[in-house]
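*Asks:* Residues per chain are reported as follows:
4 protein chains.
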Amino acid sequence: MTIKGKRVKIAEEKRKMILTSAREVFSENGLEGTSLRAVAAHAGYTPGALYFHFDSKEALYAEVLNLSLQRLEERIKSEIETLTSHEERLYASGLAFFTFYEENPIDLDLGFYLFRGGMKPAGLGRERDIALNQALEDALSPIAEEAEKLGATETEANLLVVDCFAHATGLLLLLHTGRIRMFNASASVRMKEYVSEKIEQIKNK
Amino acid sequence: MTIKGKRVKIAEEKRKMILTSAREVFSENGLEGTSLRAVAAHAGYTPGALYFHFDSKEALYAEVLNLSLQRLEERIKSEIETLTSHEERLYASGLAFFTFYEENPIDLDLGFYLFRGGMKPAGLGRERDIALNQALEDALSPIAEEAEKLGATETEANLLVVDCFAHATGLLLLLHTGRIRMFNASASVRMKEYVSEKIEQIKNK
Amino acid sequence: MTIKGKRVKIAEEKRKMILTSAREVFSENGLEGTSLRAVAAHAGYTPGALYFHFDSKEALYAEVLNLSLQRLEERIKSEIETLTSHEERLYASGLAFFTFYEENPIDLDLGFYLFRGGMKPAGLGRERDIALNQALEDALSPIAEEAEKLGATETEANLLVVDCFAHATGLLLLLHTGRIRMFNASASVRMKEYVSEKIEQIKNK
Amino acid sequence: MTIKGKRVKIAEEKRKMILTSAREVFSENGLEGTSLRAVAAHAGYTPGALYFHFDSKEALYAEVLNLSLQRLEERIKSEIETLTSHEERLYASGLAFFTFYEENPIDLDLGFYLFRGGMKPAGLGRERDIALNQALEDALSPIAEEAEKLGATETEANLLVVDCFAHATGLLLLLHTGRIRMFNASASVRMKEYVSEKIEQIKNK
DNA sequence: TATGAATGAGTATTCATTCAT
DNA sequence: TATGAATGAATACTCATTCAT
Chain A
1 MTIKGKRVKI AEEKRKMILT SAREVFSENG LEGTSLRAVA AHAGYTPGAL YFHFDSKEAL
61 YAEVLNLSLQ RLEERIKSEI ETLTSHEERL YASGLAFFTF YEENPIDLDL GFYLFRGGMK
121 PAGLGRERDI ALNQALEDAL SPIAEEAEKL GATETEANLL VVDCFAHATG LLLLLHTGRI
181 RMFNASASVR MKEYVSEKIE QIKNK
Chain B
1 MTIKGKRVKI AEEKRKMILT SAREVFSENG LEGTSLRAVA AHAGYTPGAL YFHFDSKEAL
61 YAEVLNLSLQ RLEERIKSEI ETLTSHEERL YASGLAFFTF YEENPIDLDL GFYLFRGGMK
121 PAGLGRERDI ALNQALEDAL SPIAEEAEKL GATETEANLL VVDCFAHATG LLLLLHTGRI
181 RMFNASASVR MKEYVSEKIE QIKNK
Chain C
1 MTIKGKRVKI AEEKRKMILT SAREVFSENG LEGTSLRAVA AHAGYTPGAL YFHFDSKEAL
61 YAEVLNLSLQ RLEERIKSEI ETLTSHEERL YASGLAFFTF YEENPIDLDL GFYLFRGGMK
121 PAGLGRERDI ALNQALEDAL SPIAEEAEKL GATETEANLL VVDCFAHATG LLLLLHTGRI
181 RMFNASASVR MKEYVSEKIE QIKNK
Chain D
1 MTIKGKRVKI AEEKRKMILT SAREVFSENG LEGTSLRAVA AHAGYTPGAL YFHFDSKEAL
61 YAEVLNLSLQ RLEERIKSEI ETLTSHEERL YASGLAFFTF YEENPIDLDL GFYLFRGGMK
121 PAGLGRERDI ALNQALEDAL SPIAEEAEKL GATETEANLL VVDCFAHATG LLLLLHTGRI
181 RMFNASASVR MKEYVSEKIE QIKNK
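Residue numbers (this note's numbering), protein chains in the order written: chain A, 1 to 205; chain B, 1 to 205; chain C, 1 to 205; chain D, 1 to 205.
Treat the hints with care, as some may be off.
In this list, chains with the same sequence are indistinguishable; a pair is considered to hold if it fits within one copy or across any two.
Stated by the list, open to error - The calculated lysine-lysine pairs, modelled on DSSO-like cross-linking and capped at a C-alpha distance of 30 Å, are:
(1) K203 with K9
(2) K14 with K203
(3) K4 with K192
(4) K9 with K77
(5) K205 with K192
(6) K205 with K16
(7) K77 with K205
(8) K203 with K16
(9) K192 with K16
(10) K4 with K14
(11) K16 with K149
(12) K149 with K14
(13) K4 with K149
(14) K16 with K6
(15) K192 with K149
(16) K192 with K203
Note that these hints are calculated values from the structure, not bench results.
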């Protein structure tokens, strides 16, 4: 590897280290409650140093969010690819979104910020929004595909996606805020039952 | 009316005006993202002037939230009280939470802020959390009551509450962020179908 | 008494009440640490109300100080007037300044503020200074008078005043700040010994 | 000298410059009466800039006081160390405290602030108080040592310390406030006479 | 690349004072 | 007289960003 190549690689690793630090600090203090100084300190840098790696606080935020969405996509793909029966694949894809965020509360936090129309002043608005929509579509489309293969119409398949997405999101919110404890219920059990029921409906149509 | 009475009335109206202003500003920027200056300016005051009406920024925020929850409770009660058949009452109570927030997006914004991260950093305190839980319980308990009257076991009724709550929350999020448009679907239709299906399940048990 | 006279008398009593409150609050929080609001609250008033009785915060301060000096003068006079022997009178007048402030730590606090050239920006500077000097002279002059009657020259008498004044002031400072405890000594005993010694010196000259 | 060394040196000089500015401003207005803005402006800085050099206003104040006490100690030590006869040493140590503050009115101002009210509201804390007591003890203890060597009992020596300390403090107050002029007397002459008399007393015992 | 120092705008809150009622 | 509401300036402190070194 050339010297230049080495430098580039080192630079990339530093970026990643900073991004990882940022993820942790964000998850502890919330996006709005986190200062660049805090991220820098956690990463072992002075605030000014971060500006060699990221253009601004907002740009850093954006990159952290991007990484989170990438991880979501990868996770969902790997979840389905080993399965062969359509029913199994539908079940898996219906659960994958929920499961990823259940297991990665930091990303859930980041996701909620994204959802809330936050980051308005960032000025990266539209781009980011399109990327998010794409990521979501990629993450959720397997549900529709498999549902159609099990006999659902296109419309039915599409609504199944919405319903699963909404139910997962709602349960994650309940889980994340501890509100689910009020009801002595398990979020993941609720989600699994929901998806199972939906599959039964399609099969028994 | 006495002069003193007039004064008190004027004072109350000013308080309300400030609260209304605060509602809007808070709902746009959240607790941490909103400065007292912003609220004051929006209400036509100097920052210091607000301290004659509220002890602190947090106290103001708390009052805004309280009012929002009160409105939720009142709305839900009034929705059910005129109905007589258990099925109608179950249907109405299953929808009421969703409908209130669908029609009052500002309150939805406030609600989401409350949920986020369990308000850890805000320090609005245990009291507030208990009040919120109570308000939610009051708002949702009619679902369980009516379900049992239609033949559901206590456990089933309880899970119905969780499921409705989660589904409503998820759909509201999709609606609020415009994400539901991606799927060409109507949040309220999805919610109504969900509640209807659930009622059918109970009846056909 | 006329109606007008009654009104005036009531007004005067209210003034006194406020001044008394101010004294207490000052002594608890220090002059600089005390706000008009605090004085008002302690006196059962709103801040604005005080402006009917005093022109400004500084004017209120000034009056509190005046009262304190008046009390000092009265106390010193009453201390000496019953005594007949010159030696007794010299002893009493040498101690009176110290004793008053030992027994009235609030006034000591006020006094120190006065000394420290504080209140500079008040704009009542010169007047106040002259009044203070007069009060001090009145308070201390008996020492010189009696010393001369016991045989001291005018110069010796004058220096005796300075020395007693300085020693008293220093001991009061040590007493007030608790520093005297470091030495396991009693301020009043030190003062009494000092004055006694000085009297002996004069007599044995 | 290395580049880093240069930087450190520059930084230290800036700190000193700020401390010097702070010394002056604090001595004029006291801790509570002085704003960070005022110190910053006097030092040619923005308020925020001071936070790179000191953690808080109180920390800055504490450092200013520390420096003042250090100077007192050093001065007193150097005053005595060249003398050999016990009488000379006693005389010098009895005067040193007074002389230092007579020559350094700014430090006197700082000292008086420290004394006032025992710093109750300032909250500079126990540590600071202990340090102050230690500095005073170090500054005054030579008086006792030398007195004992001249034949005084431990008790007598201890009381001599209190008496000298009090007399010096009182004279400094009179000097500092200009009150001494009222009596046409010289503070330093009064102090010297006082110490001389005390030494005579011990020798003639 | 990275730092340390600096800025300028921002934060919530307090204060002396004013004034309509 | 007295109040309650209001102002405008002040308070200590924080933050994102910049830049010489």
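*Asks:* Decide, hint by hint, whether the structure agrees.
*Replies:* Hint check:
| no. | hint | verdict |
| --- | --- | --- |
| 1 | K203 with K9 | neither (51 Å within a copy, 64 Å between copies) |
| 2 | K14 with K203 | neither (51 Å within a copy, 60 Å between copies) |
| 3 | K4 with K192 | neither (51 Å within a copy, 61 Å between copies) |
| 4 | K9 with K77 | within (27 Å within a copy, 58 Å between copies) |
| 5 | K205 with K192 | both (20 Å within a copy, 20 Å between copies) |
| 6 | K205 with K16 | neither (49 Å within a copy, 54 Å between copies) |
| 7 | K77 with K205 | within (28 Å within a copy, 37 Å between copies) |
| 8 | K203 with K16 | neither (46 Å within a copy, 55 Å between copies) |
| 9 | K192 with K16 | neither (35 Å within a copy, 46 Å between copies) |
| 10 | K4 with K14 | both (15 Å within a copy, 25 Å between copies) |
| 11 | K16 with K149 | neither (40 Å within a copy, 57 Å between copies) |
| 12 | K149 with K14 | neither (45 Å within a copy, 61 Å between copies) |
| 13 | K4 with K149 | neither (51 Å within a copy, 70 Å between copies) |
| 14 | K16 with K6 | within (15 Å within a copy, 34 Å between copies) |
| 15 | K192 with K149 | both (20 Å within a copy, 27 Å between copies) |
| 16 | K192 with K203 | both (17 Å within a copy, 22 Å between copies) |
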